[in-house]
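> Chains as they are written, first to last, in this note's numbering: chain A, 1 to 147; chain B, 1001 to 1147.
Hints listed in this document are in silico derivations from the structure and should not be mistaken for laboratory results. Hints are not guaranteed to be accurate.
To be verified - In silico DSS-like pairs for lysine-lysine, Cα to Cα no more than 27 Å straight-line:
no., chain 1, residue 1, chain 2, residue 2
1, B, K1105, A, K133
2, A, K67, A, K18
3, A, K121, B, K1105
4, B, K1121, A, K60
5, B, K1062, A, K133
6, A, K18, A, K60
7, A, K62, B, K1121
Spelled out, the chains give:
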Amino acid sequence: MVHLSDGEKNAISTVWGKVDVDAVGAEALGRLLIVYPWTQRFFDSFGDLSSASAVMGNAKVKAHGKKVIDSFSNGLKHLDNLKGTFASLSELHCDKLHVDPENFRLLGNVIVIVLAHHLGKDFTPEAQAAFQKVVAGVANALAHKYH
Amino acid sequence: MVHLTAEEKNLISSLWGKLNVEETGGEALGRVLVVYPWTQRFFDSFGNMSSPSAIMGNPRVKAHGKKVLTSFGEAIKNLDNLKGTFAKLSELHCDKLHVDPENFKLLGNVLVIVLSTHFGKEFTPEMQAAWQKLVSGVANALGHKYH
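One chain only, chain A, in its complex shape (with noise of 0.2 Å):
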């Protein structure tokens, strides 16, 4: 469970209204691959990964991106339950997909620097530390269910 102040809880809510979350999924998935290249072995048959320009024009990882940031826009509205939230996503990643849970907090980081990039000043320390606290929860919840 992540314990957000209520300040924190209008922080996410105003960042969030604020950006496109579509792109915001689509960039930060593929920042991911290519600040830490060997995430892109998770995705091998998203074709063309072979530069910058290339991952982030990518259609399969803009796609991707939409869906893992919807899901984490499911996890923003659950912040009392992100283990419960998260369960069967959790067994997928560990028992099918095989990923190193340390990777859901790159990620997550990626999620905070995207926000940045998008927001500016608009990104306050507030809502930097609202959001940290978030993606360490999720991050967190991704990553109960391995064994």
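Starting from the structure of chain A, add chain B where the hints point.
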């Protein structure tokens, strides 16, 4: 040793040339204190840190942030020898300041976030990748003399 391509070194220097060390340093340190409040324990003598605005406006936070980022500037001139460059600071942070090295990673990540808020188009995925490598290298160098 941080392995940066020539292109990555150019990207890093070009952004370094454009940033205001005092402002960026102050903001990065301030955000660390807001987002990871336990870090305030290292700065007991800094006065009012009772709220995000108190922290971000605190002149001692700004001054210390400038000092920290200036030291980062040394890293940029010595990318092939970060461990040597930061040897004394590493000993200081271990023996006198007793700072958990995990905090260096946190500061590095916050610096990347601050750069992301300040530099819109210029903060490309390649720029992010280069800086992420740099902040990891600096964090490792600062942890290197720990015992």
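> Just pull the numbers of the violated hints for me, sorted ascending.
none
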